[in-house]
Amino acid sequence: MIEEIRKTVAERLNELDGVVALRRTNGSVAPYVFQKGDDLSELEITPKYPLMTVVSRLHKLFPTIRLGIVARGCDERAYVEMAKRNQIDPDRLFILGLACTAEEAQACYCGDPAPQHLVVGTKPAAGPPNPLVAKYDSMPLPERRAFWKQQFAKCIKCYGCRNICPECFCEACGMEDAAWVEPGLLAPIFPTFHLIRALHMASRCVACRECENTCPAHIPLTVLYDLMRRDMGDLMGYVPGADLKAQPPLSLTLEQAPLRQEAGH
Amino acid sequence: MGVEFEPRIVAFMCNWCTYAGADNAGVARLESPSNILPIRVMCSGRISPEMVLRAFRAGADGVLVMGCHLGDCHYSAGNHRTVKRMPLLQNLLGYVGVNPERLERVWVSASEAPRFVEVTKAFTDKIRQLGPLAQEVTE
Numbered sequence: 001m002i003e004e005i006r007k008t009v010a011e012r013l014n015e016l017d018g019v020v021a022l023r024r025t026n027g028s029v030a031p032y033v034f035q036k037g038d039d040l041s042e043l044e045i046t047p048k049y050p051l052m053t054v055v056s057r058l059h060k061l062f063p064t065i066r067l068g069i070v071a072r073g074c075d076e077r078a079y080v081e082m083a084k085r086n087q088i089d090p091d092r093l094f095i096l097g098l099a100c101t102a103e104e105a106q107a108c109y110c111g112d113p114a115p116q117h118l119v120v121g122t123k124p125a126a127g128p129p130n131p132l133v134a135k136y137d138s139m140p141l142p143e144r145r146a147f148w149k150q151q152f153a154k155c156i157k158c159y160g161c162r163n164i165c166p167e168c169f170c171e172a173c174g175m176e177d178a179a180w181v182e183p184g185l186l187a188p189i190f191p192t193f194h195l196i197r198a199l200h201m202a203s204r205c206v207a208c209r210e211c212e213n214t215c216p217a218h219i220p221l222t223v224l225y226d227l228m229r230r231d232m233g234d235l236m237g238y239v240p241g242a243d244l245k246a247q248p249p250l251s252l253t254l255e256q257a258p259l260r261q262e263a264g265h
Numbered sequence: 001m002g003v004e005f006e007p008r009i010v011a012f013m014c015n016w017c018t019y020a021g022a023d024n025a026g027v028a029r030l031e032s033p034s035n036i037l038p039i040r041v042m043c044s045g046r047i048s049p050e051m052v053l054r055a056f057r058a059g060a061d062g063v064l065v066m067g068c069h070l071g072d073c074h075y076s077a078g079n080h081r082t083v084k085r086m087p088l089l090q091n092l093l094g095y096v097g098v099n100p101e102r103l104e105r106v107w108v109s110a111s112e113a114p115r116f117v118e119v120t121k122a123f124t125d126k127i128r129q130l131g132p133l134a135q136e137v138t139e
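As given, the protein sequences belong to chains A and B, one line each in that order. Using this note's numbering, the letters of the first sequence map in sequence onto residues 1 to 265. Using this note's numbering, the letters of the second sequence map in sequence onto residues 1 to 139.
Mixed in with the good hints, there may be bad ones.
[Unchecked claim] A few chain B residues that face chain A, going by a derived Cβ cut-off under 10 Å, partial list only: (1) Met42; (2) Leu53; (3) Phe56; (4) Leu70; (5) Ala77; (6) Pro87; (7) Leu93; (8) Val96; (9) Gly97; (10) Asn99; (11) Ala122; (12) Lys126; (13) Arg128; (14) Gln129; (15) Glu136.
None of these hints come from the bench; they were simulated from the model. C-beta: ideal position from N, C-alpha, C; glycine also.
Using the sequences and the accompanying hints, generate a full structural model.
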């Protein structure tokens, strides 16, 4: 499979300024922009890494650059949400879709383990939903509270969840604003830090699980984000990452994006 | 609890409808609960979830988010944001184990002074039943 990708990247480099992918050098793997003439045998596809952030940065730095990217399903979903919010220029990006393996899909609880622009590999069966979601969903309030308090108490406020997130691109972050989160307090006071992020993720989270993978305190963040994603679907019929044309409903009027459930009075 | 618990309630009110409604309730000498701490904002669409969370963190036992009825918004669609945002926040509070009923979104127009009193009374009673939030959050 990897040879196929290297071949396709080599072909695409004839017309593109560069292709964003992972590269192995000195025994470690990191994001890299492959250009014509680079040694493509160094191109890697594992481990999974949110490469769309790199594309976004390059698109902003070089306003005419045309890039390709070796993208997994979650990368493509991240692209969809970022392009809607003007973080990536769709006209200057070629997606070289790569299907995840069945094991990867399972490990990520991934519901959609292959991009729509699939070039290499075949789409495996979707992973199972995160069992923690169902478990905590059925817990009574005091138990949920006890669980999350224990989880949030582990937070060292490293901002790793935000920094790795392809959808966290705001220049001013609410989690760094002293009005909403007191500076210098560890762990952040409940209920602020994590809830702010969870709400901001509602119409953005593409379930790439990078925040949870990167969290040094092993807080099961994606349980909350999965629940928010579910609510966005139930309340507004919006699935982040699914459709480039669907606008995020939270900033639209009810006429443009109605609520599915009764709004009350 | 031996001592009677009196809840602290932060009520965000939009300038054009609910705040005027509350004002009219005062002018009409209708009695509304003194537990309510009003915060006037220009539009209920201005009330970000962060503001609600901060109110809870600052010691509110309940938060009311109040604005114009749908269709009556001074800015035509400001409250459309409120109506979409608040259910998400309510659900999220529930997911982390805070009773979602501690947050309520209500529409009260400028001419609904009696309704303002009714709503604030009912909400205060409900929060009084639920007890202090601090008790929930710190076991």
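Evaluated hints:
1. Met42: Since chain A brings no Cβ nearer than about 17 Å to Met42 of chain B, farther than 10 Å, the hint is violated.
2. Leu53: holds, 6 Å
3. Phe56: holds, 6 Å
4. Leu70: holds, 7 Å
5. Ala77: holds, 4 Å
6. Pro87: For Pro87 of chain B, the interface hint holds, since the closest Cβ of chain A sits about 6 Å away, which is under 10 Å.
7. Leu93: Holds - the Cβ of Leu93 of chain B comes within 10 Å of chain A, reaching about 7 Å at its closest.
8. Val96: With a closest approach of 4 Å, the Val96 of chain B hint holds.
9. Gly97: Cβ of Gly97 of chain B sits 3 Å from chain A, so the hint holds.
10. Asn99: Hint holds; Asn99 of chain B Cβ to chain A Cβ min 6 Å, cut 10 Å.
11. Ala122: Violated, about 14 Å.
12. Lys126: Nearest chain A Cβ about 15 Å off; hint violated.
13. Arg128: violated, 18 Å
14. Gln129: Violated. Min distance 15 Å.
15. Glu136: It holds, given that the least Cβ distance between Glu136 of chain B and chain A is near 7 Å, below 10 Å.
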